Each structure stands twice: as structure tokens, then as C-alpha cells.
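Construct all of the structure, not just a fragment, from the sequences and the given hints.
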Amino acid sequence: MARADQLLASYRRHVSLTPRTNLPLSQRVWFIVYPPEDERRMVNRIPEFEIATREHGLRWHHLDLKGAFADWIDTFDPDERDACLAEPAIVEDYADPGLLDYLGERLRTAMTAVPPQIATTTVFAVSGLMDLYDFAHVSGVLETLEADRLPGILALFFPGDREGNTYRFLGARTGWNYLATPILTEG
Numbered sequence: 000m001a002r003a004d005q006l007l008a009s010y011r012r013h014v015s016l017t018p019r020t021n022l023p024l025s026q027r028v029w030f031i032v033y034p035p036e037d038e039r040r041m042v043n044r045i046p047e048f049e050i051a052t053r054e055h056g057l058r059w060h061h062l063d064l065k066g067a068f069a070d071w072i073d074t075f076d077p078d079e080r081d082a083c084l085a086e087p088a089i090v091e092d093y094a095d096p097g098l099l100d101y102l103g104e105r106l107r108t109a110m111t112a113v114p115p116q117i118a119t120t121t122v123f124a125v126s127g128l129m130d131l132y133d134f135a136h137v138s139g140v141l142e143t144l145e146a147d148r149l150p151g152i153l154a155l156f157f158p159g160d161r162e163g164n165t166y167r168f169l170g171a172r173t174g175w176n177y178l179a180t181p182i183l184t185e186g
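Residue numbers (numbering that gives the first Met the number 0): 0 to 186.
Misleading hints may appear alongside valid ones.
[To be verified] Here are the simulated distance ranges between beta carbons:
#1 ASP92 <-> THR17: 42 to 48 Å
#2 ILE89 <-> THR20: 38 to 44 Å
#3 GLU36 <-> ASP95: 24 to 30 Å
#4 ASN164 <-> ALA85: 36 to 42 Å
#5 GLY66 <-> THR20: 30 to 36 Å
#6 GLY163 <-> ASN43: 26 to 32 Å
#7 ASP78 <-> GLU47: 42 to 48 Å
#8 GLN116 <-> GLU54: 20 to 26 Å
#9 ASN43 <-> ARG148: 31 to 37 Å
#10 PHE75 <-> GLU162: 35 to 41 Å
#11 GLU36 <-> ASP78: 35 to 41 Å
No lab work stands behind these hints: they were computed from the structure.
A quick note: this is a predicted structure, and the numbers were derived from the prediction, not measured.
We put the CB at the ideal spot given by N, CA and C, even for glycine.
Okay, here's the thing in C-alpha cells:
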């Protein structure tokens, strides 16, 4: 069985369990972990994850962060944007906390736009994380959401790997410890 098929089967098993909506958000995050080289394959399979979610009585809301960096840069004044892009080191300075705050607000807006009585049983699926690689840490984005009492489940399509509770984004970044539930290809 192909890795993407195994991952979908693992997801189906996991989504069939009753979600525990009373937990803090950090414990309602699912990391759908796959090798970075499978990114395109996984993006094309996202509709199958939606079907699996709906088959088990949960709702689905997909948020694609592909292009989020460009969207964030477009919020700058044109002169500031040109100056920022002319010097790569400046982009990194702006990105933390600017891009992190922008991404956190984008996720927060999507999650709070769903009526509360529906949001608790909604899987908010986030893809496009590869676009953040040079500019933001996934852990930093999640930290911007920690203080909020956001509803639902946050499912991140995560190109990287996991060892114990440590996740490594794109297999290259120093890992971080997180309370998320991993959804992996192996049983």
C-alpha cells in the first residue's frame, strides 16, 4: 500500500474516535505527518481526508497557507515592501513576529467564523506549510493560538518527521516537542 493510502487509513481510524472538545487547543491538534517528497501527492489527496471526516459525522474546513507569505507581504506599504524584499535579512526580522501574527490571525479568523455550536465538531485542516519554511516555524504559529479558546480540531498536513513527541519540519529544522496527536503511515 502506498504511503498516502496508509496515511489516509490511519486518519480514518483516528477520525472515527469521538473528539474530546473539552481539551485545550494544544491537545486538539492533529499532525498528519508525511515525508516532504510526498507533499504534492498529499495535497491532491486532501479531498479524500475531507470525505473520511464527513463520513464520521464531523465537519470540515480547509485552509491552505500556500501563498500566505506573499499575501502577508502584500499588506505592506509599497515602499516598505520594496525595501524589505531588497534585503533578505530584513525579511527574517519582519517575519518574526509579523508573519507569525498574520498567520495566527488568519487561522483564528477561519476558526471563529464557524458558528460555535458547529465549530466544536469541525476539523480545521491546514495545508501549504511548506511555503512557511524560510520565514516561520510551525510551532511559532501554533503558539500564537495558545491563549485563545478556539473550538474544533486543528489538523495540520505536516511535511516532515516525528520521533517521540518531537516534530521536525521538512526533516531539516530542529525539532520541537508538542502535545499534538500524530497521524502516521505506520499502524
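(Q) Taking the Cβ atom of GLU36 and the Cβ atom of ASP78, is their distance within the range 35 to 41 Å? (A) Holds, since GLU36 and ASP78 (Cβ atoms, about 40 Å apart) stay within the stated range.
Q | Beta-carbon spacing of PHE75 to GLU162 - inside the hinted bounds 35 to 41 Å or not | A | Taking Cβ atoms as reference, PHE75 and GLU162 lie about 38 Å apart, which means the hint holds.
Q: For the range 38 to 44 Å, tell me whether the beta carbons of ILE89 and THR20 fit it or not.
A: Holds - the Cβ-Cβ distance for ILE89 and THR20, about 42 Å, lies within 38 to 44 Å.
Q. Okay, ASP92 versus THR17 on CB: inside 42 to 48 Å?
A. With a Cβ separation near 44 Å, ASP92 and THR17 satisfy 42 to 48 Å, so the hint holds.
Q | Outcome of range test on Cβ distance (ASP78, GLU47; 42 to 48 Å) | A | Given about 45 Å between the Cβ atoms, the range holds.
Q) Can the suggested window of 31 to 37 Å be confirmed for the beta-carbon pair ASN43 and ARG148? A) At roughly 34 Å between Cβ atoms, ARG148 and ASN43 fall inside 31 to 37 Å, so the hint holds.
Q | 20 to 26 Å as the expected CB spacing between GLU54 and GLN116, which holds or is violated | A | holds (21 Å)
Q: Take a look at whether the Cβ-Cβ distance between ASN164 and ALA85 falls inside 36 to 42 Å.
A: Once the Cβ atoms are compared, 40 Å apart, the range 36 to 42 Å for ALA85 and ASN164 holds.
Q. Is the gap between the beta carbons of GLY66 and THR20 within 30 to 36 Å?
A. holds (31 Å)
Q: Kindly confirm whether 26 to 32 Å is satisfied by the beta carbon distance between GLY163 and ASN43.
A: holds (30 Å)
Q | Whether the CB-CB distance between GLU36 and ASP95 falls inside 24 to 30 Å | A | holds (28 Å)
Going through the hint list in order, the structure satisfies each hint without exception.
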